[in-house]
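Student: Listed below are the residues making up each chain.
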Amino acid sequence: MSLELFSQYLFAGISYGIIYAIVAIGFNIIYNTTGVINFAQGEFLMLGGMIAITCNQFMPLPAAIILAVLLTMLIGAAIEMIFIRWLDNPSVLRVIIITIGISILIREVALHIWGENVRALPYFYGNEITSVNILGANVSPQIFFVIGLCSIIVIILSLFFHYTSTGMEMRACASNRRAATLCGINAKNMVTLSFMLSAGIGALAGAVMSPITYTQYDIGTGLAIKGFTVAIFGGLGNSFAAVVAGLLLGIIEAFSISVVPLAYQDAISIAILLLILFIRPHGILGSKDTASLKEF
Amino acid sequence: MLKIKNIETAYGNLKVLRRISMHVDPGEIVTIIGANGAGKTTLLHTICGLLKPRAGEMVLQGNDLCRLSPEKIVKLGCSLVPEGRQVFATMNVRENLILGAYVRYKKDKKKALAELDKIFALFPVLKERENQLAGTLSGGEQQMLAMGRSLMAKPALIMMDEPSTGLAPLIVKNIFEIIVKLKESGNTVLLVEQNAKAALAIADRGYVLETGKIIVQGPAEDLLANNDVQRAYLGREAV
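Going down the list, the protein sequences come from chains Z and A. Under numbering that gives the first Met the number 0, the first residue of the first sequence carries the number 0, and numbering increases by one thereafter. Under numbering that gives the first Met the number 0, the first residue of the second sequence carries the number 0, and numbering increases by one thereafter.
Derived by calculation from the structure, the hints in this document are not laboratory data.
Straight line, CA to CA, 25 Å or less: simulated DSS-like cross-link-like pairs of lysine-lysine:
hint, chain 1, residue 1, chain 2, residue 2
1, A, 74, Z, 187
2, Z, 187, A, 51
3, A, 110, A, 71
Start from the sequences and build out the full structure, keeping to the hints where you can.
Tutor: Put into structure tokens, the structure is as follows:
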């Protein structure tokens, strides 16, 4: 393989990997507060992209993205309040199934609103053919926006969960909801907040990635599967691990094209998911101690 | 401090508490003893708001508790150390304790840290384990952590549900000594125990709960001497 081809694959892998990582981080936020996996996470990315594209027709790009993030956060909060908040002590499985239902619902509503058309935001800098030459590969500047955004999200989140009182309260709710209540924490508000937060992060990622990957009403499912794989691969609940695992998966997928046909790309992530679940269910970077203390 | 009048609590159709009346005065240790299924835990859960009573009155320092959520009741100064510890297993000891203080000192980090030092003085072993995950502590250490977490909120009334469950006798002794220390430093304790002898030995007053009713009550010494109590809960035949 020539160096040029090598770095081309590498950068393609990194840009997809970062996107997977952001989906996985969205999973982690809700998992960290509620102990459940929200399978509608991929739909938040789709909504972020779609709303930003629609808004961009009436306002400048930054405003459109901010509005899309805020609207998606509201949608996330509304979903939690309508479908989950009033449940009295729901089981983990029940909530997971509800989120699968929600993802189907959002997808169908999006199909009605935006149709089947593939859309994209304009590039933030330059256009489709603007590129930077790195190690012989042509890299779109958009990729740097994606990478920068992801790094900021990971750093802020990890500070948030470990050093702010709200973040600690959210972790307490995930660890032991009843005990959190007995510490005077309003567990229901924390869950709503975690849905808002992960919806917002998903929407931001969805908007920033849309120039490269394009957006359609049904991209959520595929992203959710990849994001879930990455979340498990890295170790559930750990945002830093999600980034490492996301990059790994993205790069493995990108290089796999040179060995196996493109159609098998998705099979690779599923194979990794199964392998991890069999061999190291707490993930490559997850701690066994923590995993054994969690219910799920 | 806490006054309860004719409380009734039920799970569905099953009445668990029948017209319970009791009170706790400031600065005393009051114990509730009784066999499995007598309704001891149900009573504590009703007081702290996890269960809602069907009828009756509960007043803590002039505040009606019957319709409040558990979070509000904790804020009023009534803290429960739950049965089976229930620490935040995936967080470290320090984080567990700091979370306990949020009810009162969320905005005031300094006061929370001052409170933390007091807890470390009371439970030196927690200081040694400060950065360890709570779930990896031993049973006795977890019990101390759960007590410490509740104390961080400086509650007016601290309720403990079976603190001796599953602990070695020596540790149980240690825990009871700490409860006495708490009283000496001015705390009010409502203690639920199956280990009636140990509980009555440190308590000022006691209530005996049987199938959801209070059958005997009085000063702890009287209960220890009471023939019925001795036969049923202390494993001693009356002479």
